Amino acid sequence: MDTKHKRLFIGLGICLLLFAMIISMILNQPYQYHGFIVPPVQHDNHVFLRTEEGPMNLTKYHNRYVLLYFGYTYCPDVCPTSLAKLKIALSELSEADRSKVQVIFVSVDPDRDTLEKINEYAKVFGTDFIGATGTRTEIDLVTESLGVKYKINPPDENGNYSVDHSAYTYVIDPNGYLVMVWSHEILAEEIAEDLTHLIETGIPVDQQLLAGPTPTSIICSLTLIPEFVNNGQGLYEHNCAQCHGVDLGGIPGWRTPLADGSHLAPPLGISSVIWQKTETELIEVIKEGKNVEKPIHMPAFESTLSDEEIYSILQYIYSKWSINQQNYFAGSLTPTP
Amino acid sequence: MKLYKFLPVFFGLFIVIACASPANTTSIEITNAWVRAVDSNMNSATALFLTIQNNTSTPDMLLRAESDVAEMVQIHLSEVDANGVASMHEVAGVEIPANGIAELKPGSYHVMLMGLNKEIKEGNMIEFTLVFQHAGSITIEAPVKVP
Chain A
5 MDTKHKRLFI GLGICLLLFA MIISMILNQP YQYHGFIVPP VQHDNHVFLR TEEGPMNLTK
65 YHNRYVLLYF GYTYCPDVCP TSLAKLKIAL SELSEADRSK VQVIFVSVDP DRDTLEKINE
125 YAKVFGTDFI GATGTRTEID LVTESLGVKY KINPPDENGN YSVDHSAYTY VIDPNGYLVM
185 VWSHEILAEE IAEDLTHLIE TGIPVDQQLL AGPTPTSIIC SLTLIPEFVN NGQGLYEHNC
245 AQCHGVDLGG IPGWRTPLAD GSHLAPPLGI SSVIWQKTET ELIEVIKEGK NVEKPIHMPA
305 FESTLSDEEI YSILQYIYSK WSINQQNYFA GSLTPTP
Chain B
-7 MKLYKFLPVF FGLFIVIACA SPANTTSIEI TNAWVRAVDS NMNSATALFL TIQNNTSTPD
53 MLLRAESDVA EMVQIHLSEV DANGVASMHE VAGVEIPANG IAELKPGSYH VMLMGLNKEI
113 KEGNMIEFTL VFQHAGSITI EAPVKVP
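So the protein sequences, as listed, match chains A and B. Mapping of the first sequence onto the numbering used here: position 314 corresponds to residue 318, and the numbering continues sequentially without gaps. Mapping of the second sequence onto the numbering used here: position 117 corresponds to residue 109, and the numbering continues sequentially without gaps.
The following block holds chain B by itself, in its conformation from the complex (with noise of 0.2 Å):
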């Protein structure tokens, strides 16, 4: 047999599932993240949302983000009451259960950004630090995409 042959593909393999897999094994994975985009010259607000999953069996804690876009960077949650009136808060943390997941979607909890200092614009790539009560810290980058 020439499996030797095959070697460099099986090699090839492995990396690529070497790459694919990290994700899987971390204890915090960020998923679907993404910032809405603002019109360029005008000083706004906007927020980044995401889908955080806890692959341990301890609940977690988004603490807080940081991004050098925005000149503050606060967890608020969304809500809308019985008569139909929207409110938005500052949060201490959002909470991720143990082997559960915590999404932060329009009308929720999101990352706001107030304060830009660049621009927003569709296709761009955002670079965030989220802070985990046990996980540290974890760099994503989330694209910009048009509400």
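In isolation and in its complexed conformation, chain A is listed as follows (with noise of 0.2 Å):
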């Protein structure tokens, strides 16, 4: 072989080397998903709803996506629209990939949306298909949480009203975390596409940390009177660190009854479920003390701190709460209509 084709020899096959590469650049260019990434925040993702079957949580689904869908059955139009358009973005998964998806229309208008009716309703579109709903205080608790608005108009004379709400379909996690948005536009098969890639390798992280800040403007309707917080948390220190932690974690096993029946100090914390009780519950159990006849228990404070003290101590512990359940509490405190 002389020089001449030699060098025509090497530079055909760097050629096909670049081109090579380039090839394989392009199709390891991760996918695109067609919905808006969430960033990771830390949600509470123990809101629950209500269903047919009875309580149900967002991390009671494992191994499932959950597609969350809030509306109402009087909705002529864009919630049905919306339904049908998951029911034929579903039919174009594998059998596999189909049975790792759950959708749960919720209804924010459990006024007229009884568990059977909505449930009902969701079951056209997918016999497979959940309806949940909630008290106001319940369902608020989940659409603060994602970003969820909705408004109920004013009836008019005949008592019909419309309810404006957000015509986005919400991407749960196994884990019970919201990890991607689908707007009211989307296409069905861009859904199943989604869909077969977040099933198959999940979202980079690198796409949801690039997704930036959570839009959702989250209010907090619980007072907080930094003064009493202070105060509370030396309290706290001295009267229920002991057994609560320091860190109001509780003992772990804390769930677990003991076999007379007790249970080991809960956490109170933002791991804590005594958000989902009342104020004058909570009150209750520090001043009159829980088990008290048995070995292990929660001693009655009502001798030892004075009122004003227990609510200090309570303003401190609601300060370790989330927004979410610190909206929880405050709607348990003054139920809305």
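Be a bit skeptical, because a hint or two may be false.
Far from chain B by the CB rule (all over 10 Å, computed), these chain A residues [said to hold, decoys possible]: (1) Gln36; (2) Ile41; (3) Pro43; (4) Phe52; (5) Gly58; (6) Asp81; (7) Val128; (8) Asn157; (9) Ser166; (10) Asp168; (11) Thr205; (12) Ile314.
Pair ranges (Cβ atoms, derived) [claimed, not checked]: (13) A:Ser95 to B:Thr18: 50 to 56 Å; (14) B:Ala74 to A:Ile92: 23 to 29 Å; (15) A:Lys104 to B:Thr18: 36 to 42 Å; (16) B:Glu71 to A:Glu99: 34 to 40 Å; (17) B:Thr43 to A:Ile18: 31 to 37 Å; (18) B:Gly85 to A:Thr131: 38 to 44 Å; (19) A:Ala100 to B:Thr43: 36 to 42 Å; (20) A:Phe40 to B:Leu55: 37 to 43 Å; (21) A:Phe40 to B:Gly107: 37 to 43 Å.
Keep in mind the hints are simulated off the structure, nothing from the lab. Please read all numbers here as calculations on a predicted model, not as lab measurements. No residue lacks a Cβ here, since even glycine has one placed at the ideal position from N, Cα and C.
The two chains are supplied separately, each in an independent frame; assemble them into the complex guided by the hints.
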């Protein structure tokens, strides 16, 4: 082989190599989702709603992506259009992928939509679709947490009213966290494509971080008085931290009842469930204690703490909760009609 | 020539053409009409969708719709704003431009049916009377379809 041919050969080889590199770069491009990727937020995934089969938690659907849509059954147009679109999208998935998706239609109109009605309505679109709703407070906890907007419009002379609502579909990952939002305009095939990739690979962390700060605006309806919170901290550390922990984390295993029916000290902070109680109930437990006759018990503080001191401790505890927990609790203080 | 043998054929053709053509000659033409099916035992709402073609050189307006399947029949407009919030409100009518069309479709204008007193089941046909500003009343039958 002479030098001229050799050069040509090498040149051709380099060209081929470059070509292969470009092709592989194109093929390795990460999949671009059609939905908006939501940054990882520390939102509370223990929120619950009601279904015909009982209470429902977003973390209940292990290994499944939950698609949440918020609307109302009197909606003649936008809700059925969106649900019909989800139905078509799911029919395009493989059977294995299909079993990893759960659609939940949440009514923000519990006054007209009973659990039975909302469930029946959801089943029209898919036999495994679930209808859910809750009390106004429970619904608001979920909608505020996810950034869903809705407004019940004033009724006309016949009592009919419409409800404005976000027409987005909210994608909850198998751990119960919001990861993606699909707009109203998205096509069924785009939903199917996104779902296939979500199930196969999930969302790359860098894409999640690039998504930037959450646009969700959350308003807190619980009033915290800094003075009380400060006093409460000292009082808490002196009276409560011994059992409930300085970090309000409680004692591990508190959920499991002991042989005599009593419990270890539960957490009181962000990992607690006491925000589901009312203030009256909490004050009662502090004053009167719990299981006082048993070896492991919550002592009664009625004779050692004044009402103001108890209130300060509570304010300190409230300050450790998430905004959603605070809002939920505030709702139970002044129930919305 | 035994042309008279073909007379019945011509006659038949004439009838076919005569029957097929009135739609093209009317001033207002309705196509793609359908009603969204709803679960039978639910007191709920649904909607009629259709396409209206105006074959005249003056704009017309759909003023209202009537049907005995619902207690209230209103023309509504659904809108989704920039924040993705869907809302719906009653409108005075839907304008059909001269020699143009107006589409009543999901996510836009629709005839809203509230207080249903009949089953809106797939395969049923539902009669509606549409009242126009210029063309007057037009009666149509719309099939019920699954969403």
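Quick check: does the Cβ-Cβ distance between Phe40 of chain A and Gly107 of chain B fall within 37 to 43 Å?
38 Å, holds
Quick check for students: does the CB of Asp81 of chain A sit more than 10 Å from each CB in chain B?
5 Å, violated
Non-interface label on Asp168 of chain A, tested against every C-beta of chain B at 10 Å:
With a cut-off of 10 Å, Asp168 of chain A comes too close to chain B, as the shortest Cβ separation is near 4 Å.
Would the non-interface assignment of Gly58 of chain A survive a Cβ cutoff of 10 Å against chain B?
22 Å, holds
Minimum Cβ separation between Thr205 of chain A and chain B greater than 10 Å?
26 Å, holds
Should the hint that Gly85 of chain B and Thr131 of chain A are 38 to 44 Å apart at their CB atoms be regarded as holding?
40 Å, holds
Checking the smallest CB distance to chain B, is Pro43 of chain A really beyond 10 Å?
18 Å, holds
Hint check for Glu99 of chain A and Glu71 of chain B - Cβ pair distance inside 34 to 40 Å
38 Å Cβ-Cβ, so the 34 to 40 Å window holds.
Taking the minimum C-beta separation from Ser166 of chain A to chain B, is that value above 10 Å?
Its Cβ does come within 10 Å of chain B, the nearest being 5 Å, so this is violated.
Starting from the range 36 to 42 Å, see whether the pair Ala100 of chain A and Thr43 of chain B falls in it by beta-carbon distance.
40 Å, holds
Would you say Gln36 of chain A is clear of chain B, with no C-beta pair closer than or equal to 10 Å?
20 Å, holds
Starting from the hint 23 to 29 Å, judge whether the C-beta atoms of Ala74 of chain B and Ile92 of chain A obey it.
26 Å, holds
Checked against the numbered hints listed earlier, the structure breaks hints 6, 7, 8, 9, 10, 13, 15, 17; every other hint is satisfied.
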